[in-house]
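Kindly generate the complete structure, drawing on both the sequences and the hints.
Take the sequence shown: its position 99, counted from the start at 1, is 99 in our numbering, and no numbers get skipped.
No lab work stands behind these hints: they were computed from the structure.
Just to be clear, a hint being listed does not mean it is correct.
Claimed, not checked - Below, in silico cross-link-like pairs of lysine to any residue (SDA-like), each with a Cα-Cα straight-line distance of 20 Å or less:
hint	residue 1	residue 2
1	Lys31	Gly16
2	Lys21	Tyr34
3	Lys231	Ala210
4	Lys213	Ile203
5	Lys253	His264
6	Lys148	Phe174
To be verified - Ranges of calculated distance between the beta carbons of each label pair, as one might list FRET restraints:
hint	residue 1	residue 2	range
7	Asp214	Ser57	42 to 52 Å
8	Asp12	Asp88	12 to 22 Å
9	Leu2	Asp214	40 to 50 Å
10	Ser57	Pro164	39 to 49 Å
11	Gly52	Arg208	39 to 49 Å
12	Lys31	Thr83	26 to 36 Å
13	Thr83	Lys253	37 to 47 Å
14	Leu2	Ser57	13 to 23 Å
15	Lys168	Ile76	20 to 30 Å
16	Ala28	Pro151	45 to 55 Å
By construction, the Cβ of each residue, glycine as well, lies at the ideal position given by its N, Cα and C atoms.
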Amino acid sequence: FLDELDLSKLYDAEAGQLHKKYESDKHALTKNHYGQFSTEPRVSSYIGIAKGDIPPSHWYHVHRTLPADWTWQNQIPRGVNRTVDGVDVFYGYYRHDNLRFVPSWGGSLFEFLMPTLVLNEREYSPEGLGANNRTAVEAQIHYALQTKRYPVWGISPCATPDSPQGYKEYGVPFLGAKGYPDDGVITPHVSFLALDVAPEEAIENIRRLARVKDLYGEYGFYDSVNVRTGKNSPRFLALDQGMTLVALANHLKNGSVRNRFMAHRLMKEQVGLLANESYFGS
Numbered sequence: 001f002l003d004e005l006d007l008s009k010l011y012d013a014e015a016g017q018l019h020k021k022y023e024s025d026k027h028a029l030t031k032n033h034y035g036q037f038s039t040e041p042r043v044s045s046y047i048g049i050a051k052g053d054i055p056p057s058h059w060y061h062v063h064r065t066l067p068a069d070w071t072w073q074n075q076i077p078r079g080v081n082r083t084v085d086g087v088d089v090f091y092g093y094y095r096h097d098n099l100r101f102v103p104s105w106g107g108s109l110f111e112f113l114m115p116t117l118v119l120n121e122r123e124y125s126p127e128g129l130g131a132n133n134r135t136a137v138e139a140q141i142h143y144a145l146q147t148k149r150y151p152v153w154g155i156s157p158c159a160t161p162d163s164p165q166g167y168k169e170y171g172v173p174f175l176g177a178k179g180y181p182d183d184g185v186i187t188p189h190v191s192f193l194a195l196d197v198a199p200e201e202a203i204e205n206i207r208r209l210a211r212v213k214d215l216y217g218e219y220g221f222y223d224s225v226n227v228r229t230g231k232n233s234p235r236f237l238a239l240d241q242g243m244t245l246v247a248l249a250n251h252l253k254n255g256s257v258r259n260r261f262m263a264h265r266l267m268k269e270q271v272g273l274l275a276n277e278s279y280f281g282s
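Structure below.
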């Protein structure tokens, strides 16, 4: 698989970032990029650097927070400037109440936590990504259970309960630079993603989700429930089921999938990328 994967084809050397996709019908790369660090494509960045498809400097060209002069974002970030690998990096963060965090794009748990299926951010980046992932989970729990008084938590893109063929981005608005709406929609798969970060809270939430009427089906949890209306999505999504299975394997088998990934020679050589992440400076 690694031999056949070539991420250099998505790399924009001028921007130092990865294009979002290649559109085969147009035979062209999209003009926009994955430019925000606390999102799921950082695992692609890690793999691309480890393979030598893209330079290590790419890691530092992806924004921790969006530039301060992008005034449309949810708030103007605070932080410090550092030069790493020849790249000037602004290590910024947002504040909300007593929390400090590096935002994702939409404030969904999928963005923060999907990379942890294979990247050991908790161990190798305890003051950076590991701490930020934990804060994101804590913020989602407080937002859902305390602020919104929902019976369960876990807000992320998923199938829409109110439209059988629909799919929509959901998030906690303040956790994102742009911020997705929550609309009262909860998706079970992110509780499984949270097992590595907050196992006790995740297990308790999974048990609550199992008690939600008609949410658990023949192949596990359906993809979502609107806790305001009580309506469930009637679908299983392969993406979300796949993340659930890998997260369960990691939790029940002492990180088996993640450990296997991190033990690969190429991946092991790049753990310094994770260790370099440290946020919340003055």
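Checked hints:
1. Restraint check for Lys31 and Gly16: satisfied, since their Cα atoms lie roughly 13 Å apart, inside the 20 Å limit.
2. Among the hinted pairs, Lys21 with Tyr34 is consistent with the structure: their alpha-carbon atoms are about 9 Å apart, no more than 20 Å.
3. For the given pair, Lys231 sits about 15 Å from Ala210 by alpha-carbon distance, which is consistent with the 20 Å threshold.
4. For the given pair, Lys213 sits about 18 Å from Ile203 by alpha-carbon distance, which is consistent with the 20 Å threshold.
5. With a C-alpha separation of about 18 Å, the suggested pair Lys253 and His264 falls inside the 20 Å cut-off, and the hint holds.
6. Pair hint Lys148 plus Phe174 holds up; C-alpha atoms about 14 Å apart against a cutoff of 20 Å.
7. The given range of 42 to 52 Å is respected by Asp214 and Ser57, whose C-beta atoms sit roughly 50 Å from each other.
8. Roughly 18 Å separates the CB atoms of Asp12 and Asp88, a value that falls within the hinted 12 to 22 Å.
9. For the pair Leu2 and Asp214, the beta carbons lie near 41 Å from each other, so the given range of 40 to 50 Å is met.
10. Between Ser57 and Pro164, the C-beta spacing of about 45 Å keeps the proposed range 39 to 49 Å intact.
11. Between Gly52 and Arg208 the Cβ separation comes to about 45 Å, which falls inside the hinted range of 39 to 49 Å.
12. Hint check: Lys31 to Thr83, Cβ distance near 28 Å, so the stated range 26 to 36 Å holds.
13. At roughly 41 Å, the beta-carbon separation of Thr83 and Lys253 lies within the given 37 to 47 Å, and the hint holds.
14. Look at Leu2 against Ser57: about 21 Å separates their beta carbons, and that is inside 13 to 23 Å.
15. Against the hinted window of 20 to 30 Å, the Cβ-Cβ separation of Lys168 and Ile76 comes to about 28 Å, which satisfies the hint.
16. Taking the beta carbon of each, Ala28 and Pro151 are about 46 Å apart, inside 45 to 55 Å as hinted.
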